[in-house]
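For reference, the chains in residue letters:
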Amino acid sequence: MTDITAGGVSPPIRRVEFETAESKARLRRRYRSEARFKAYGIAALVVAAAFLFALLSSIVMRGIPGFFQHYLVADVLVDAAKIDPEGKGDAATLRAGDYTAVARAALAEAIPGVEGRQLKRELNGLLSSGAGDALREMVVADPSLVGQRVKAPLLLADEADVFLKTSGTKIRVISDTRGIATPSATTGEISILVGANDFADDVALVKAELKALADSIDETIARRKARGATVESLADLEREATELRRRHAAAATSERLDAKTASRLVAINGGLVKVKEMTPTLVKGEVIIPLKSTADAAPGTWEIRVYETPESNRNLNDRGLAFLEELKAKGLVESQFNFAFFTRGDSREAELAGIQGALVGSILTLLVTIGLCLPIGVLAAIYLEEFAPKNRITELIEININNLAAVPSIVFGLLGLAVFLNFFGMPRSAPLVGGLVLALLVLPTIIIASRAALKSVPPSIREAALGVGASKQQAVFHHVLPLAMPGIMTGTIIGMAHALGETAPLLMIGMIAFIVDVPSSLTQAATVLPVQIFLWSDLPEPAFKMKTAAAIIVLLAVLFLMNGLAIWLRKKFERRW
Amino acid sequence: MDMRPDPLIMMTTQAQAPTTTPTKVAAKNVNVYYGAKHALKDVSVDIPEKSVTAFIGPSGCGKSTFLRCINRMNDTVASCRVEGLIQIDGKDIYDPALDPVQLRARVGMVFQKPNPFPKSIYDNVAYGPRIHGLSKSKVELDQIVESSLRKASLWEEVKDRLNDSGTGLSGGQQQRLCIARTIAINPEIILMDEPCSALDPIATARIEELMEELRHNFTMIIVTHSMQQAARVSQRTAFFHLGILVETGSTSDIFTNPTDKRTQDYITGRFG
Numbered sequence: 000m001t002d003i004t005a006g007g008v009s010p011p012i013r014r015v016e017f018e019t020a021e022s023k024a025r026l027r028r029r030y031r032s033e034a035r036f037k038a039y040g041i042a043a044l045v046v047a048a049a050f051l052f053a054l055l056s057s058i059v060m061r062g063i064p065g066f067f068q069h070y071l072v073a074d075v076l077v078d079a080a081k082i083d084p085e086g087k088g089d090a091a092t093l094r095a096g097d098y099t100a101v102a103r104a105a106l107a108e109a110i111p112g113v114e115g116r117q118l119k120r121e122l123n124g125l126l127s128s129g130a131g132d133a134l135r136e137m138v139v140a141d142p143s144l145v146g147q148r149v150k151a152p153l154l155l156a157d158e159a160d161v162f163l164k165t166s167g168t169k170i171r172v173i174s175d176t177r178g179i180a181t182p183s184a185t186t187g188e189i190s191i192l193v194g195a196n197d198f199a200d201d202v203a204l205v206k207a208e209l210k211a212l213a214d215s216i217d218e219t220i221a222r223r224k225a226r227g228a229t230v231e232s233l234a235d236l237e238r239e240a241t242e243l244r245r246r247h248a249a250a251a252t253s254e255r256l257d258a259k260t261a262s263r264l265v266a267i268n269g270g271l272v273k274v275k276e277m278t279p280t281l282v283k284g285e286v287i288i289p290l291k292s293t294a295d296a297a298p299g300t301w302e303i304r305v306y307e308t309p310e311s312n313r314n315l316n317d318r319g320l321a322f323l324e325e326l327k328a329k330g331l332v333e334s335q336f337n338f339a340f341f342t343r344g345d346s347r348e349a350e351l352a353g354i355q356g357a358l359v360g361s362i363l364t365l366l367v368t369i370g371l372c373l374p375i376g377v378l379a380a381i382y383l384e385e386f387a388p389k390n391r392i393t394e395l396i397e398i399n400i401n402n403l404a405a406v407p408s409i410v411f412g413l414l415g416l417a418v419f420l421n422f423f424g425m426p427r428s429a430p431l432v433g434g435l436v437l438a439l440l441v442l443p444t445i446i447i448a449s450r451a452a453l454k455s456v457p458p459s460i461r462e463a464a465l466g467v468g469a470s471k472q473q474a475v476f477h478h479v480l481p482l483a484m485p486g487i488m489t490g491t492i493i494g495m496a497h498a499l500g501e502t503a504p505l506l507m508i509g510m511i512a513f514i515v516d517v518p519s520s521l522t523q524a525a526t527v528l529p530v531q532i533f534l535w536s537d538l539p540e541p542a543f544k545m546k547t548a549a550a551i552i553v554l555l556a557v558l559f560l561m562n563g564l565a566i567w568l569r570k571k572f573e574r575r576w
Numbered sequence: 000m001d002m003r004p005d006p007l008i009m010m011t012t013q014a015q016a017p018t019t020t021p022t023k024v025a026a027k028n029v030n031v032y033y034g035a036k037h038a039l040k041d042v043s044v045d046i047p048e049k050s051v052t053a054f055i056g057p058s059g060c061g062k063s064t065f066l067r068c069i070n071r072m073n074d075t076v077a078s079c080r081v082e083g084l085i086q087i088d089g090k091d092i093y094d095p096a097l098d099p100v101q102l103r104a105r106v107g108m109v110f111q112k113p114n115p116f117p118k119s120i121y122d123n124v125a126y127g128p129r130i131h132g133l134s135k136s137k138v139e140l141d142q143i144v145e146s147s148l149r150k151a152s153l154w155e156e157v158k159d160r161l162n163d164s165g166t167g168l169s170g171g172q173q174q175r176l177c178i179a180r181t182i183a184i185n186p187e188i189i190l191m192d193e194p195c196s197a198l199d200p201i202a203t204a205r206i207e208e209l210m211e212e213l214r215h216n217f218t219m220i221i222v223t224h225s226m227q228q229a230a231r232v233s234q235r236t237a238f239f240h241l242g243i244l245v246e247t248g249s250t251s252d253i254f255t256n257p258t259d260k261r262t263q264d265y266i267t268g269r270f271g
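Taken in order, these protein sequences are the chains called P and B. Yeah, the first sequence ends on 576 if you go by numbering that gives the first Met the number 0, and it's all consecutive. Yeah, the second sequence ends on 271 if you go by numbering that gives the first Met the number 0, and it's all consecutive.
By construction, these hints were calculated from the structure, which means they are not laboratory data. As the structure is a computational prediction, the values presented were derived from the model and not from experiment. Yeah, the Cβ is synthetic: ideal placement off N, Cα and C, and Gly gets one too. Hints should not be assumed to be uniformly reliable.
Claimed, not checked - Computed list of chain B residues with no C-beta within reach of chain P, every gap over 10 angstroms:
#1 Asn-30
#2 Pro-95
#3 Thr-267
To be verified - Below, a list of computed lysine-lysine pairs in the DSS-like style, where the Cα atoms sit at most 30 angstroms apart:
#4 P:Lys-471 with B:Lys-135
#5 P:Lys-454 with B:Lys-36
#6 B:Lys-36 with P:Lys-389
#7 B:Lys-27 with P:Lys-471
#8 P:Lys-471 with B:Lys-118
#9 B:Lys-40 with P:Lys-471
#10 B:Lys-40 with B:Lys-112
#11 P:Lys-471 with P:Lys-389
#12 P:Lys-169 with P:Lys-283
#13 B:Lys-158 with P:Lys-571
#14 P:Lys-37 with P:Lys-23
#15 B:Lys-112 with P:Lys-454
#16 P:Lys-119 with P:Lys-169
#17 P:Lys-454 with P:Lys-119
Claimed, not checked - Counterexamples of contact, computed for chain P against chain B with all Cβ distances above 10 angstroms:
#18 Ser-32
#19 Leu-55
#20 Ser-143
#21 Thr-165
#22 Arg-226
#23 Thr-300
#24 Lys-471
#25 Pro-529
#26 Leu-560
Using the sequences and the accompanying hints, generate a full structural model.
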């Protein structure tokens, strides 16, 4: 029955027009609006993708070098006198041997003739304090190596490593030397007489450099003055600028080189001399690598090497750099994948620092978290969703669970500090406490995800089970829970990924500590991956910057894996009703 | 597909079926409330054993509500309150001493939408016997599954793929699987809540055929929107309207000679 005959007002009948200008304009407007909306969407996606790409590529570019490490791969004489002087040959003795001495001996062999305490220290400084570790493992595994020569990778110190990775200094080689060079001695402080004006250009360059330096200092002074710095505080800078200008203005007879200008070295007769003072025809300097003889060097057989970055702006000084270049030239330096990054704990030495401690700490912490969260969260969700009466109290609980999910994580950290550490007296920095705190943090997420998963199971499945005489509990555990499991697992994994990346609450319970040992139990002091990243990012050494980026890559990889697993689970067990 | 018997012939045979069988379910002054809503008002009806009783009526008339009272499925609805007396074999099923879960094992139910468990066909049928401990061995369980599927005339179609998922079957097969699942625990009564409303006519015919076979062993109550279906499959019919049981009687009487004006209007299609 319709009310068509029931009277009342009847509005005028209008139909949709296609031909009028108004309708055409309306149509165009609609199309424009749709196109605009699409364009906004695409633009947003493009911007997001660009940022993501920039972020990831920056992290990868910075992090990749962190996975590699330079080694001095040299023939090492495993000297029995240093390793096992009494000839015991047991593992403990072999382990306790002085492998650093062995490594240093190998380095001295690679660059023979280096004399003087200072130079030797510089040379040995190229090696890490853990340079002999790989050799130690080799010898302990095979005691017959004692007394033999073996090819072993000796870890380089982080300054050398970073220098090689970043090619920290441009080296300009002037090999078309015109005059005959005559060194005065083979070691120590020597002078080299040059037949032609080979250093004339360089002296001019140094002058120019001095002027540029003075100018830049003047700029700094001006800038500081503009900001209201006192004249006294600028006195040092002004004195320096004046000194530089004086040197620049002085006659071009003799120029002393210091750490503020580019370094110059002369490679002659198989040795290397660091120039300290130069005139167009005579240089005085310090021998870094001893010369073979004091014979005259013909034009073109000797060369000038200019290290463009001033020594004071480098982590590696001229001597170290010269030794490293020498080792590189001999083909003894190799870059290898840094497996130790995954098998070592933290260290103050960047080249020895690894993430195993943090990884194991993270795993232990997450084990505690998931061990608590999954059963408690899922059972709580089942009770609330399937059994609890719907009344004020359950409503209140539900609201508060949702609120808990929004509580800042640092608050959970404070709670953990107050309750677990101060009240229960649990150990500080322990994965157990970290896991408990993260469990508090993740529990609401898991309960919410589990409830959503349970809710999405159609009621017909429950009815079907009840209809064949299953009890409520049987219906839930035999039918509803298995169907909700993929959703619950997805929520749990995402919650775990959240916990894995969490830093703030762990700071409060002392998991931010320099911990070298890899934790082996739940109550040992440990740190976790994101905290390790935080710690490293604070350190000034460039090698730690690389390690930071590398650790971020590892963390991201683990997170992506976990999220991938969640997606895979969801796809695999997704059911259609 | 099997040819189904002509519904007219079925109707005449059913009309001759004896109506003096003993009462299986007896309801006296049953009132049901959903919160403040009075959904079922003073329903009293006797349902005979080993026959098909159809509940008909327009949407929202309370026929499904009453059906769900018989196996206490309404207990799962928090706001639902049932008053009055419902007896099966003379025993009050709302007696506090009676376990509703056990009751549901005696009063099976088939739902509107086929709802097999997302498990294998075998597990679907075996689930009930398993939880009630009806089989002593794997062999016995296999026998129960086979005989249930045979009784639901599904065995020939699925015997080679018992381990396939029950949800992979067609709609009609799924509904027969649900029937097999229900009869696997040998209930005395089978409640069917619009079992064919989601099925095509051919699948519907097969279910109806099945009901005709099953009624020799089970007391069956069916809620249906289709008056033709009620006429075809049932021996007795109860007409509900606005929560009131308007009229009940043998199917042939209701459809040919209704005493109430509302029944007459409904079956002649004046409303509904």
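Determine whether the non-interface label on Lys-471 of chain P survives the test: each CB of chain B must be over 10 angstroms from its CB. violated (8 angstroms)
Starting from Lys-40 of chain B, check that the Cα of Lys-471 of chain P is at most 30 angstroms away, please. holds (29 angstroms)
Hint consistency between Lys-169 of chain P and Lys-283 of chain P [alpha-carbon to alpha-carbon, up to 30 angstroms]: Since the Cα atoms of Lys-169 of chain P and Lys-283 of chain P sit roughly 23 angstroms apart, the hinted pair holds (cutoff 30 angstroms).
Pair hint outcome, Lys-112 of chain B versus Lys-454 of chain P [Cα-Cα no greater than 30 angstroms]: holds (19 angstroms)
Any Cβ of chain B at or closer than 10 angstroms to Ser-143 of chain P, or is the non-interface label fine? Holds, because the least Cβ-Cβ distance between Ser-143 of chain P and chain B comes to about 61 angstroms, which exceeds 10 angstroms.
So if I understand the rule, the pair passes when the alpha-carbon distance is 30 angstroms or less; does Lys-471 of chain P with Lys-135 of chain B pass? holds (24 angstroms)
Need the status of pair Lys-37 of chain P, Lys-23 of chain P: alpha-carbon distance at most 30 angstroms? holds (21 angstroms)
Are the Cα positions of Lys-40 of chain B and Lys-112 of chain B separated by 30 angstroms at most? holds (27 angstroms)
Non-interface label on Thr-267 of chain B, tested against every C-beta of chain P at 10 angstroms: holds (17 angstroms)
Beyond 10 angstroms from every chain B Cβ: check whether that's true for Thr-165 of chain P. About 58 angstroms separates Thr-165 of chain P from the closest Cβ of chain B, which puts it past 10 angstroms; holds.
Please confirm whether Leu-560 of chain P is truly not at the interface, meaning its C-beta sits more than 10 angstroms away from all C-beta atoms of chain B. Holds, because the least Cβ-Cβ distance between Leu-560 of chain P and chain B comes to about 29 angstroms, which exceeds 10 angstroms.
Measure nothing beyond the straight line between the CA atoms of Lys-454 of chain P and Lys-119 of chain P; if it is 30 angstroms or shorter, mark the hint as holding. It is violated: about 73 angstroms lies between the C-alpha atoms, which goes past 30 angstroms.
Hints 17, 24 from the earlier list are contradicted by this structure; the remaining hints agree with it.
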